[in-house]
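Let the sequences and hints guide you as you build the complete structure.
Quick note on numbering: the sequence shown equals residues 1 to 483 in the UniProt record's numbering.
Accuracy of the hints is not assured; some may be wrong.
Stated by the list, open to error - In silico DSS-like cross-links for lysine-lysine, where the CA-CA straight-line distance does not exceed 30 Å:
(1) Lys369 x Lys408
(2) Lys52 x Lys14
(3) Lys408 x Lys375
(4) Lys113 x Lys369
(5) Lys401 x Lys375
(6) Lys208 x Lys311
(7) Lys375 x Lys113
(8) Lys14 x Lys369
(9) Lys40 x Lys314
(10) Lys52 x Lys40
Worth flagging that the hints you see were computed from the coordinates, not collected in a lab.
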Amino acid sequence: MYGLLFESVQMYIKQDYGDELWAAVLEQAGLPQVVFQLHKTYPDEWMLNLAKSAAQVLGNQVNDVMFYFGTCFVSFFTKFNYDQILRLAGRNYRDFLNEIDNVHETMRFSYPKMQSPSFIVQSEDRNGCILIYRSMRTGFTYYVIGQLVQCARVFFDVSVDIAVLEEISSEEGCHVTFRLTFDNRGYVPPNGRGSMMNLDLATYPEVKSSTFFKIFPFCVVFNSHMRIIGCGSSLTSLLKSEDLLGRTVTELVSLRRPLVDFTWNNIMCLQRVIFELEWRNESAGPVRSSTLGDGQSVKNGKRRLLRGQMKFIKDWNAMAFLCTPLLGDLDDMLQAGVYLHDLNMFDNSRDLVMTGTQRASDLEYSMEKQTAWSKQIEDTLFRLDKAREESEKLINSMLTKSIADRLKRGDDPLTTLAFMRALKSREFSLLSIDLARKFNERCLLLAVINHRASVSKGRSLKGIATKLESLRTRVNIARKNSK
1 MYGLLFESVQ MYIKQDYGDE LWAAVLEQAG LPQVVFQLHK TYPDEWMLNL
51 AKSAAQVLGN QVNDVMFYFG TCFVSFFTKF NYDQILRLAG RNYRDFLNEI
101 DNVHETMRFS YPKMQSPSFI VQSEDRNGCI LIYRSMRTGF TYYVIGQLVQ
151 CARVFFDVSV DIAVLEEISS EEGCHVTFRL TFDNRGYVPP NGRGSMMNLD
201 LATYPEVKSS TFFKIFPFCV VFNSHMRIIG CGSSLTSLLK SEDLLGRTVT
251 ELVSLRRPLV DFTWNNIMCL QRVIFELEWR NESAGPVRSS TLGDGQSVKN
301 GKRRLLRGQM KFIKDWNAMA FLCTPLLGDL DDMLQAGVYL HDLNMFDNSR
351 DLVMTGTQRA SDLEYSMEKQ TAWSKQIEDT LFRLDKAREE SEKLINSMLT
401 KSIADRLKRG DDPLTTLAFM RALKSREFSL LSIDLARKFN ERCLLLAVIN
451 HRASVSKGRS LKGIATKLES LRTRVNIARK NSK
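This is the structure:
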């Protein structure tokens, strides 16, 4: 989980409850002196621990705190101008729900190790929809509810009520079914008025399969039995395989996104969602790491990531996966044997590959600088804690604990601590009996004042003791000289 999510929690707890409460939450969660970095990943359990500790400090339920954390993230998100992506995700809240997975894919360019959940609109009506939430994490159900409610209110001015219909958690993650109730203005019944199906569209000539595969050179087409019936020439060159026709697509690829079973029915329902397939090969060697996807690798020539859209072609009664390979930089292209001529000209795959090296270098430099600054802040906080401990020891050695606690709370020090200085002390006689008498008089006066003001301790810090020590030294010197 990226530090961006933790930064949002830190900022709004400090803003709404103060720095002291945030420090108490960190201390309760066992995370003192932590400085979160936006592009650094942290354990998922830390967010859950922060929610539990905040619930104890605030006296709230953990689910309520997770809901609050979700709203904080959306508000914090807007400060980085990412709200523009969400506002443009759809004309209404319905369209936004269908585009959440695609928004996550867009964010993956800035946060390559992001392990985002999957959101699928299973069904909808005029009063809302059924939303399926799948994630490899558990315990974040109400965090997601807070995000959905806040997005509806901030970006679309929609009031939404969310109910959990079913929640299944396992070692592999969680599967949650939500019922979202809102004014679904953008919904149009399949056979209702205004549907595009009822419009008289012009009849276009059929497109030959050879032309289709020239337009989409990395395309793969399979039928309802999940058997491959066609693929582009660039894809066969990339995979270095000529015997793809007739094989089952499920035995050649594994579905990375969305987080559903790779079946024909699921694909038919998710044609508006970006798919990411990993083409596997039993003869593939160890895979080297890269910065694509979830931080896992695609650099080995035997194993590739393909990303694109599933599109049903009615005339063929087949599904076409319109995809492009994920290539991070020029090194990936060399190892894969792919050239710029093979990449599509109608999308930005060429630009991403050409600029990938420079962007990665700039991002790495920025992250190194941020890491160095965060380390300095952590060291400063550590030294500050040490200095605070030393000052507390010093105060406790001078004052009783009750008075020291009042000072630390910010009470007026004039009501808890008073000093008296002996003026014109240099005019005293050098006789030790005079100094001792003056000192005793002042001690008696302080004792009376302390008794009336209920002061528990009084101490002579300097002045008279220094005079006595200086007098003792001068008397010893005079005695030596007289001898």
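Checked hints:
A threshold of 30 Å between alpha carbons decides the hint, and for lysine 369 with lysine 408 the separation of about 36 Å lies outside it, so the pair is violated. Annotation: proposed proximity of lysine 52 to lysine 14 holds, straight-line Cα distance about 17 Å (limit 30 Å). For the given pair, lysine 408 sits about 28 Å from lysine 375 by alpha-carbon distance, which is consistent with the 30 Å threshold. For the given pair, lysine 113 sits about 19 Å from lysine 369 by alpha-carbon distance, which is consistent with the 30 Å threshold.
For a cut-off of 30 Å, the pair hint linking lysine 401 to lysine 375 is broken: about 35 Å separates their Cα positions. Using a Cα cut-off of 30 Å, the hinted pair lysine 208 and lysine 311 holds, with the two alpha carbons roughly 17 Å apart. Distance restraint check for lysine 375 and lysine 113: the Cα-Cα separation of roughly 22 Å lies within the 30 Å cut-off, and the hinted pair is therefore satisfied. Between lysine 14 and lysine 369 the alpha-carbon distance is near 25 Å, which keeps this suggested pair within the 30 Å criterion.
At roughly 46 Å between alpha-carbon atoms, lysine 40 and lysine 314 are farther apart than 30 Å, so this suggested pair is violated. The hinted pair formed by lysine 52 and lysine 40 meets the criterion: a straight-line CA distance of about 22 Å does not exceed 30 Å.
Consistency with the previously given hints fails for numbers 1, 5 and 9, ordered from lowest to highest.
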